[in-house]
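Q: Each chain is listed here by its residues.
4 protein chains.
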Amino acid sequence: MDNSGGIRFENEYWKDYPLTEHDLAIDAHDLAVQRTGGEIQGVSVVEEKRENAKITRIEVLNEQGAQAIGKAVGKYITIESEGLKGQNRLVHDELSEILSQELVSLIDFDRVRPHPNLEPTIFVVGLGNWNATADALGPQVLNHLMVTRHLYQEAPPELRKGLRPVCALSPGVLGLTGVQTAEIIKGVVEQVRPDLIIAIDSLAAHHTGRLANTIQLSNTGISPGSGIGKVRMAINQETMKIPVIAIGVPTVVHAITIVNNAMEEMLKGEIFSKVERERFRHIQEDEKKRMVGNILGPFMGNLVVSPKGVDELILNVGRIIAGGINIALHPDITPENISLYL
Amino acid sequence: MDNSGGIRFENEYWKDYPLTEHDLAIDAHDLAVQRTGGEIQGVSVVEEKRENAKITRIEVLNEQGAQAIGKAVGKYITIESEGLKGQNRLVHDELSEILSQELVSLIDFDRVRPHPNLEPTIFVVGLGNWNATADALGPQVLNHLMVTRHLYQEAPPELRKGLRPVCALSPGVLGLTGVQTAEIIKGVVEQVRPDLIIAIDSLAAHHTGRLANTIQLSNTGISPGSGIGKVRMAINQETMKIPVIAIGVPTVVHAITIVNNAMEEMLKGEIFSKVERERFRHIQEDEKKRMVGNILGPFMGNLVVSPKGVDELILNVGRIIAGGINIALHPDITPENISLYL
Amino acid sequence: MDNSGGIRFENEYWKDYPLTEHDLAIDAHDLAVQRTGGEIQGVSVVEEKRENAKITRIEVLNEQGAQAIGKAVGKYITIESEGLKGQNRLVHDELSEILSQELVSLIDFDRVRPHPNLEPTIFVVGLGNWNATADALGPQVLNHLMVTRHLYQEAPPELRKGLRPVCALSPGVLGLTGVQTAEIIKGVVEQVRPDLIIAIDSLAAHHTGRLANTIQLSNTGISPGSGIGKVRMAINQETMKIPVIAIGVPTVVHAITIVNNAMEEMLKGEIFSKVERERFRHIQEDEKKRMVGNILGPFMGNLVVSPKGVDELILNVGRIIAGGINIALHPDITPENISLYL
Amino acid sequence: MDNSGGIRFENEYWKDYPLTEHDLAIDAHDLAVQRTGGEIQGVSVVEEKRENAKITRIEVLNEQGAQAIGKAVGKYITIESEGLKGQNRLVHDELSEILSQELVSLIDFDRVRPHPNLEPTIFVVGLGNWNATADALGPQVLNHLMVTRHLYQEAPPELRKGLRPVCALSPGVLGLTGVQTAEIIKGVVEQVRPDLIIAIDSLAAHHTGRLANTIQLSNTGISPGSGIGKVRMAINQETMKIPVIAIGVPTVVHAITIVNNAMEEMLKGEIFSKVERERFRHIQEDEKKRMVGNILGPFMGNLVVSPKGVDELILNVGRIIAGGINIALHPDITPENISLYL
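Residue numbers (numbering that gives the first Met the number 0), protein chains in the order written: chain F, 0 to 341; chain U, 0 to 341; chain D, 0 to 341; chain V, 0 to 341.
Don't take every hint at face value.
For chains that are exact copies, the list does not tell them apart, and a pair is met inside one copy or across any two.
Below, in silico cross-link-like pairs of lysine-lysine (DSSO-like), each with a Cα-Cα straight-line distance of 27 Å or less [unchecked claim]:
| no. | residue 1 | residue 2 |
| --- | --- | --- |
| 1 | K288 | K267 |
| 2 | K185 | K48 |
| 3 | K84 | K53 |
| 4 | K84 | K160 |
Keep in mind that the hints were calculated from the coordinates and are not lab data.
Turn these sequences into a full structure, and let the hints steer you where they fit.
A: Shown next as structure tokens:
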């Protein structure tokens with residue numbers, strides 16, 4: 000999630016706010032199914048149920064599929080679990096393990112290896128703003144990540160076994176640095192020459208029910224701020240010249256989204272006749288936004304909705320994701336012994 | 000604002016959430032005027048404009064007035080200024096000075112003095128939850144407060160001149176302590192025997208336009224959690240046996256309020272006919288709450304709306320209020336020399 | 000540890016700083032053994048080795064023992080483990096369990112029970128200053144404590160089973176509140192009427208080797224600030240009229256202590272002859288303090304020594320202690336299922 | 000200050016710790032004067048007294064001077080003021096102004112300008128570890144810095160007047176990122192192409208009297224971790240290909256330094272005869288380090304000494320430095336109107 004400006008400069012951005020875009024492939028797919036009433040051509044979907052989680056693996060196979068659901072060609076995996084919000088450490092550990100398995104399935108370690116005898120260097124990027132709790136997921140993950148590149152370089156071969164060189168950066172957001180996030184990442188990539196990027200980001204949910212109940216992994220990278228209608232350099236294979244895995248969790252809902260949902264909900268009810276509903280659907284987007292403006296007032300698009308315990312939520316989810324990455328990246332680490340390495 | 004439970008135990012509290020109560024006397028009064036179309040008996044209102052602030056002094060004179068606007072008999076002063084949200088330190092200093100003047104007008108130092116030759120001991124209470132940014136205003140004020148009681152007691156008389164003994168506590172919230180906030184305050188009051196309480200609290204706004212643009216002072220005390228329909232021991236003259244001045248700032252809007260505002264706004268527009276509007280007004284509160292439930296999902300009443308830069312906002316407002324209290328309580332401190340004492 | 004004043008007012012306190020007092024009974028006992036060359040009358044000592052910890056149970060049986068080691072009559076249990084400093088979560092869990100067993104052995108639940116059919120209410124006090132990392136152990140423990148009193152009161156009898164009513168407070172320090180910590184505690188005790196206090200505090204170590212490797216439990220209570228030569232109201236059975244269990248961990252070393260240790264170490268070496276050593280031992284305490292003043296300069300007694308990773312250390316130790324208390328206080332909680340309750 | 004490893008990996012680094020190096024040119028110069036008993040060839044020194052500060056401008060003119068005081072050829076300005084530690088905002092503002100003047104004198108804006116009609120882009124780097132209070136000065140400065148590059152690029156020419164494009168990054172430390180700090184900086188420099196770097200860092204003081212009473216500016220850049228004997232890529236004109244201004248403040252003293260100072264102090268006293276003193280001076284550095292090891296125990300070189308109120312100290316000093324940089328970089332900002340821009 001891009002939080003580029005801060006209060007002073009972004010008051011007007013809501014005007015360009017897309018009320019209907021979906022950060023999560025699973026929601027975009029569901030919507031397309033609802034719209035078309037059936038299977039989507041060019042998209043394959045496989046679901047798997049676990050005790051405490053539901054895994055959905057969506058693959059956008061071609062441009063037809065990409066058009067249909069508004070998501071780039073590539074793989075999207077969602078892990079849905081109410082346990083993400085909970086406090087049960089055993090469930091958290093289980094989610095870390097599921098995440099690590101799905102992550103390994105997305106990374107082709109043999110392909111990213113710079114040489115048959117060398118382990119790939121992985122660069123983990125914690126996107127987001129550490130000053131804004133709900134947007135701090137990326138930096139929070141880095142607090143629990145095993146960073147090993149500097150040790151790996153100096154370690155004798157026998158000690159390197161079972162570990163891979165991992166480096167990490169929380170680049171901040173445009174409003175804090177004055178530099179596009181992707182430029183900072185690219186600068187570091189060109190110095191450090193990693194073989195793979197894993198980028199973690201907070202996502203904006205389009206319904207509060209999604210808050211902190213889903214982890215999405217994809218191999219299509221990230222476009223910071225794309226959700227708020229700004230053109231920014233993407234962080235993906237094309238811009239970085241190496242594969243980019245994205246991990247995202249919906250941690251915030253824009254107030255504007257809530258208002259929109261409220262209006263939709265009112266129209267769904269029995270209160271209004273079909274005629275009235277149609278009339279509302281046809282009022283200009285501009286009139287709708289004027290109404291939103293009346294409701295949200297001067298803070299506008301800068302208003303976000305989050306649960307009261309969001310600090311603790313971000314902390315827990317950050318730990319779960321870091322655990323999953325640690326297990327996935329270091330072959331000798333298992334869910335049983337990870338505590339020995341931390 | 001009381002944040003007593005945390006995610007796990009409060010999911011259902013929204014059912015009792017009063018959608019129409021107003022924390023601010025000024026809003027309650029405006030609404031009453033709107034409803035009755037004229038002056039409210041038993042309530043006096045005086046407005047004063049300053050360069051960077053508007054001061055409104057409302058006095059609820061008798062039970063008739065209290066009934067009319069739903070606020071207890073007593074004095075309510077609001078200082079409205081967009082400068083509270085800004086970064087201009089000169090405006091902040093000006094607001095501190097205005098606050099100090101209004102505070103002095105509410106405190107009758109001669110009445111609270113325990114003896115004609117003794118300065119009163121003032122107990123400043125920072126209500127709210129330091130773990131929840133938007134609810135941390137009270138604790139934040141205490142970070143900038145001049146606490147002098149322990150020094151005062153040991154100082155020679157000539158050094159006491161110009162200062163008053165001030166002590167302070169952030170008692171936390173029920174969910175953190177397992178004890179009602181008022182019980183903790185009462186316990187300390189009975190040990191320390193102060194002559195006056197000043198209690199600072201975050202308020203829930205009923206429109207996002209109110210967020211961080213108003214400071215309300217009153218001499219009627221505070222009822223923690225009253226806004227969320229729970230009966231808790233109040234912090235006022237009756238329970239504490241000493242005068243209680245309350246200082247509050249709206250720092251948060253419940254998501255439920257936003258949804259309600261959205262529904263109201265829709266009905267205000269030209270889209271619906273008068274008949275439809277009346278029909279909606281008459282649907283059961285229950286049906287309305289069911290709709291809210293659909294929109295807000297499992298987090299429900301625990302969802303709060305706040306501006307992205309809320310951390311910095313609370314920091315600034317906390318400093319402004321602490322500055323105002325410091326100047327008001329210590330006769331030798333002026334806006335010009337306060338920096339020498341900190 | 001009492002951090003009452005802050006930079007501005009405490010510059011001179013080092014003058015009264017006791018260079019030889021020992022917060023830990025185990026160190027006081029060792030020193031006495033070293034001095035007298037044998038067993039100490041009136042003190043019983045039992046040691047027990049565990050895989051990851053050494054437990055020492057010292058009982059000061061009478062006034063003779065109290066005189067000999069400078070500790071009040073009562074029980075002192077130390078749990079020593081280098082695992083406290085480590086990151087191994089399994090060892091942390093083991094230490095929580097050991098702590099819970101020792102805690103249960105110190106608390107006579109049947110004696111503190113207000114009525115044969117009623118569970119005692121326990122009041123957990125987190126002493127120390129949340130603004131000073133090394134002194135924030137008490138408040139940190141409270142972040143992980145199960146606070147149940149407010150739920151317990153409203154819960155039906157069948158749900159109360161297996162839990163005990165627990166309330167908690169971090170009262171701050173004199174410099175933050177202007178009120179003696181014990182006064183605040185006493186005020187709350189008189190309102191809430193708990194049956195037992197458990198007070199957690201940071202201790203000052205007298206050697207850096209002690210930092211974060213020991214948990215001390217005792218049933219003799221706490222005297223805040225006693226370590227720095229100030230007379231403050233104690234938190235013990237006598238002042239609170241209910242039993243007080245103290246839990247402490249050495250988290251900081253005063254710079255003054257390090258300097259003293261350095262001088263002692265120099266004299267121990269081969270560099271100086273016995274004559275010179277004796278000469279040094281006999282220089283006035285005043286001269287020694289003048290030298291300390293030269294070394295530590297204007298910050299003086301406000302200088303503390305702590306390991307670079309002290310933030311993470313306090314976090315981990317806080318979690319371990321909270322875990323131990325949670326298991327000890329709630330009969331249905333075991334190390335296996337505690338995660339289900341958090 | 001480089002805090003590269005954390006507890007687990009740095010236990011042994013103290014063995015290479017240079018007990019006699021001086022971060023501050025003014026201390027290095029004083030020592031050289033003391034040693035040689037007179038003026039140092041190749042070094043010019045000019046002092047200036049202000050009401051609340053003493054400014055010393057040292058220029059190392061040639062290699063002879065560099066050899067003599069152990070500092071590279073270049074300019075070193077120290078601003079000494081006890082007001083840095085204080086709470087007086089007026090003195091803080093005065094120090095910001097002095098800093099801005101000295102900074103402007105070190106930056107040759109006309110030389111760094113990329114084109115006669117273009118303002119130079121300035122890259123402000125906040126070195127240090129945000130997780131370790133005393134090492135967090137760099138990141139703290141960035142919290143109060145006016146970052147304008149992203150706004151500047153999009154602003155019409157008339158609005159650009161009076162501002163310069165400023166970008167900023169806190170790159171973290173090796174232990175957090177696995178990447179040498181200078182590599183990250185270099186990567187960003189090659190993407191963003193700034194014309195000047197200003198790097199802020201915490202320094203290790205060699206006497207507690209220096210803590211937070213001095214700001215050093217120099218045009219010679221920074222060598223992260225050089226103080227702890229590790230070879231790291233420097234951040235200077237040679238490595239970055241653009242001028243690098245360094246701003247540093249001593250915020251921490253290594254415990255090892257205190258111990259050394261204690262030993263020195265003992266020998267200075269009247270206790271020991273000249274013979275004994277000489278004997279001690281000639282004991283092997285190794286023996287001395289063994290003694291240090293006994294005193295500091297397992298935490299060793301990871302132990303740092305800091306004043307109790309270090310959090311507040313870093314906050315204040317961070318604000319003062321950010322204020323000075325803001326005034327220096329933006330021509331239309333003056334001490335009087337800076338609050339209007341923040």
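Q: Now look at each hint and say whether the structure bears it out.
A: Hint check results:
Taking the closest pair of Cα atoms, K288 and K267 come within 27 Å of each other both inside a single copy (20 Å) and across two copies (14 Å). Within a single copy, K185 and K48 get their C-alpha atoms no closer than 38 Å, and across copies no closer than 47 Å, so neither meets the 27 Å cut-off. Taking identical chains as interchangeable, the C-alpha atoms of K84 and K53 lie at most 27 Å apart only when both belong to the same chain, with a minimum of 15 Å there against 37 Å between chains. With identical chains, the CA atoms of K84 and K160 are at most 27 Å apart between copies only, with a shortest distance of 26 Å across copies and 35 Å within one.
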